[in-house]
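Engineer: Construct the entire structure; sequences and hints are all you get.
Top line first, the protein sequences correspond to chains Z and P. Using the working numbering, read the first sequence as starting at 1 and increasing by one per residue. Using the working numbering, read the second sequence as starting at 1 and increasing by one per residue.
I should point out that these hints are in silico values taken from the structure, not numbers from a laboratory. The beta-carbon is built from N, C-alpha and C at its ideal position, and this holds for glycine as well. Heads up, a few of these hints could be off.
[Stated by the list, open to error] Subject to a maximum C-alpha distance of 27 Å in a straight line, what follows is the list of computed DSS-like cross-link-like pairs (lysine-lysine):
1. P:67 / Z:57
2. Z:15 / P:42
3. Z:17 / P:2
4. P:67 / P:56
5. Z:11 / Z:57
6. Z:57 / Z:17
7. Z:57 / P:56
8. P:70 / P:2
9. P:70 / P:56
10. P:56 / P:2
11. P:42 / P:56
12. P:67 / P:2
13. P:42 / P:2
14. Z:11 / P:42
15. Z:15 / Z:57
[Stated by the list, open to error] What the simulated footprint calls covered on chain Z by chain P, stretch by stretch (three residues with Cβ under 8 Å from a Cβ of chain P suffice, anywhere in the stretch; the number is not a length):
16. 19 to 28
17. 33 to 46
18. 86 to 100
[Stated by the list, open to error] If the Cβ cut is set under 10 Å, some of the chain Z residues that face chain P in the computed set are:
19. 3
20. 4
21. 7
22. 9
23. 105
24. 106
25. 107
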Amino acid sequence: GAGVSQSPSNKVTEKGKDVELRCDPISGHTALYWYRQSLGQGLEFLIYFQGNSAPDKSGLPSDRFSAERTGGSVSTLTIQRTQQEDSAVYLCASSLGSSVSLGNTIYFGEGSWLTVV
Amino acid sequence: QKEVEQDPGPLSVPEGAIVSLNCTYSNSAFQYFMWYRQYSRKGPELLMYTYSSGNKEDGRFTAQVDKSSKYISLFIRDSQPSDSATYLCAMSAKNLRYSTLTFGKGTMLLVSP
Numbered sequence: 001g002a003g004v005s006q007s008p009s010n011k012v013t014e015k016g017k018d019v020e021l022r023c024d025p026i027s028g029h030t031a032l033y034w035y036r037q038s039l040g041q042g043l044e045f046l047i048y049f050q051g052n053s054a055p056d057k058s059g060l061p062s063d064r065f066s067a068e069r070t071g072g073s074v075s076t077l078t079i080q081r082t083q084q085e086d087s088a089v090y091l092c093a094s095s096l097g098s099s100v101s102l103g104n105t106i107y108f109g110e111g112s113w114l115t116v117v
Numbered sequence: 001q002k003e004v005e006q007d008p009g010p011l012s013v014p015e016g017a018i019v020s021l022n023c024t025y026s027n028s029a030f031q032y033f034m035w036y037r038q039y040s041r042k043g044p045e046l047l048m049y050t051y052s053s054g055n056k057e058d059g060r061f062t063a064q065v066d067k068s069s070k071y072i073s074l075f076i077r078d079s080q081p082s083d084s085a086t087y088l089c090a091m092s093a094k095n096l097r098y099s100t101l102t103f104g105k106g107t108m109l110l111v112s113p
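Structural biologist: Dropping the structure here:
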């Protein structure tokens with residue numbers, strides 16, 4: 001597709017349930033990122049994938065959060081035993097390469113809006 | 001002290017006004033400075049990109065970086081209702097990854113017709 005695609009757009013789940021959020025990056029982009037945006041908060045980095053390298057999981061807030069990227073393309077973010085504080089927008093982004101540079105723009109998807117009730 | 005500080009607003013202005021959006025930061029290693037625009041229920045989109053100090057102009061938008069004061073600004077001339085959005089500043093040290101990008105919390109801008 002032309003842009004980063006995320007699904008579902010909206011998800012309401014009960015506390016304690018598991019959720020899976022999907023991201024389809026821009027074709028050819030080797031770097032993929034997950035961010036979380038809570039109400040009134042800035043973007044919080046969660047996890048980063050670059051090609052076939054081991055992911056950078058340094059931003060994951062707890063062991064309830066995990067992510068995988070299959071075949072260097074589509075990624076799934078899984079939140080187990082959801083809590084109310086997990087309610088947020090989960091944004092996926094991709095870029096051609098991993099370094100911040102003028103020619104290497106990061107593109108965001110529209111996000112998955114998660115509400116835990 | 002947060003690494004990046006940004007007034008959340010909302011900032012309300014009439015159509016045609018000049019808008020000034022600002023961020024301050026504490027990390028002197030930051031060299032790449034970006035402004036993202038985020039419409040309601042959409043992902044952020046890159047608006048302006050500046051490396052090091054100085055000004056950069058693109059149409060109605062001007063990005064300004066003052067590294068000595070650790071202060072960056074985004075100016076919008078002849079503001080339009082379509083400019084109503086949340087503006088996020090973001091910054092990074094040289095040669096680092098986007099995974100280390102530090103964002104401000106965003107300023108909500110409302111431009112009334």
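Engineer: Honestly, which of those hints from before does the structure not fit?
Structural biologist: Violated hints (numbers, rising): 1, 3, 7, 16 and 21; every other hint is consistent with the structure.
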